[in-house]
Amino acid sequence: DAKTTQPPSMDCAEGRAANLPCNHSTISGNEYVYWYRQIHSQGPQYIIHGLKNNETNEMASLIITEDRKSSTLILPHATLRDTAVYYCIVKEDEKLTFGTGTRLTIIP
Amino acid sequence: DVKVTQSSRYLVKRTGEKVFLECVQDMDHENMFWYRQDPGLGLRLIYFSYDVKMKEKGDIPEGYSVSREKKERFSLILESASTNQTSMYLCASSGVGEGVVYEQYFGPGTRLTVT
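So the sequence lines, in the order shown, correspond to chains U and V. Counting in this note's numbering, the first sequence tops out at residue 110, every number present. Counting in this note's numbering, the second sequence tops out at residue 238, every number present.
Only chain V is shown next, with the shape it has when bound in the complex:
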């Protein structure tokens, strides 16, 4: 079974702190994704990566950066956390194949509160 793990289930940080959210997958997937989920807005894509050291902006990248130094690990960075970044953060991974679209596997989520 594919396993996507996230470093924390719950996290509380102060405004202005630098925050790292870590995601690790164990299926050698090429693609990895970071989403945030807010009530009434559904899941929104922040960034995704299709290979090591490669990244692309999603729909809401402002205030975030990412790092993918190893294939299995994708980090989301909040350079200076703000209260409007209080949210549930979800990581996902998927494989690739020519002509085939693979499903995404999600981690359990990190509920981040910025005070």
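The shape of chain U in the complex, shown without the other chains:
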């Protein structure tokens, strides 16, 4: 059963912030929210993860709602190289369950 729901595709203009939503209404207290992305013909790449608090690293920011039922990945200044499929995953152990993700296209 899918634990997360993401829109199948999104477009974003180059240089603008890309905001990718994810719903995870059945998330349990011990489950983290992870984001990965997969650029064409490459293996998935870890972006960021969080449990309750908002997180930021050199790649992106992760905003998790207070009830933890949804989150948003923010790429602050999208570039053409950010075109990829983005996966939102909830997990509490070593195993990842990938859905079909959101195909983000950055428009020049």
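It is possible that some hints are incorrect.
[As the list claims (entries may be wrong)] Below, computed lysine-lysine pairings styled on BS3-like, alpha-carbon distance capped at 25 Å:
#: 1; chain 1: V; residue 1: K178; chain 2: U; residue 2: K97
#: 2; chain 1: V; residue 1: K193; chain 2: V; residue 2: K178
#: 3; chain 1: U; residue 1: K5; chain 2: U; residue 2: K71
#: 4; chain 1: U; residue 1: K5; chain 2: U; residue 2: K93
#: 5; chain 1: U; residue 1: K97; chain 2: V; residue 2: K193
#: 6; chain 1: V; residue 1: K180; chain 2: U; residue 2: K97
#: 7; chain 1: U; residue 1: K97; chain 2: V; residue 2: K126
#: 8; chain 1: U; residue 1: K93; chain 2: U; residue 2: K54
#: 9; chain 1: U; residue 1: K97; chain 2: V; residue 2: K194
#: 10; chain 1: V; residue 1: K141; chain 2: V; residue 2: K176
#: 11; chain 1: U; residue 1: K97; chain 2: U; residue 2: K5
#: 12; chain 1: U; residue 1: K93; chain 2: V; residue 2: K178
#: 13; chain 1: U; residue 1: K93; chain 2: V; residue 2: K180
#: 14; chain 1: V; residue 1: K180; chain 2: U; residue 2: K5
#: 15; chain 1: U; residue 1: K93; chain 2: V; residue 2: K126
#: 16; chain 1: V; residue 1: K176; chain 2: V; residue 2: K193
#: 17; chain 1: U; residue 1: K97; chain 2: V; residue 2: K176
For the record, the hints were derived by calculation from the structure and aren't laboratory data. As the structure is a computational prediction, the values presented were derived from the model and not from experiment.
Following the hints, complete the assembly by docking chain V onto the known chain U.
Chain V only, in chain U's frame:
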């Protein structure tokens, strides 16, 4: 930087052949994983290993076996390849720590075609 390498980027095999896909990681990670990726189905976990000689079935283990004789190496074996095993195969590794969940690092993938 963590490096996960896979033995081949592209592989073509015939139906019924025995196929070995090799994966090596250089970060002393305890956990290693094999996934397959198919259009419209996303990534699906085949097997994973949390220690040398230890393995656990993932979501789709049928038709596959694995071997982990050394910590850095995890092999996926197709005993008798079939056309429905044509797919992209991805290997990953991750560390462990009490109370800490580590991210997985993926290799570049092996595109296997069974004819």
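Right, here's what the structure says about each hint:
no.	hint	verdict
1	V:K178 / U:K97	holds (13 Å)
2	V:K193 / V:K178	holds (13 Å)
3	U:K5 / U:K71	holds (11 Å)
4	U:K5 / U:K93	holds (9 Å)
5	U:K97 / V:K193	holds (21 Å)
6	V:K180 / U:K97	holds (11 Å)
7	U:K97 / V:K126	holds (19 Å)
8	U:K93 / U:K54	holds (13 Å)
9	U:K97 / V:K194	holds (18 Å)
10	V:K141 / V:K176	holds (21 Å)
11	U:K97 / U:K5	holds (13 Å)
12	U:K93 / V:K178	holds (20 Å)
13	U:K93 / V:K180	holds (17 Å)
14	V:K180 / U:K5	holds (20 Å)
15	U:K93 / V:K126	holds (23 Å)
16	V:K176 / V:K193	holds (8 Å)
17	U:K97 / V:K176	holds (18 Å)
In the structure shown, no violation is registered for any of the earlier numbered hints.
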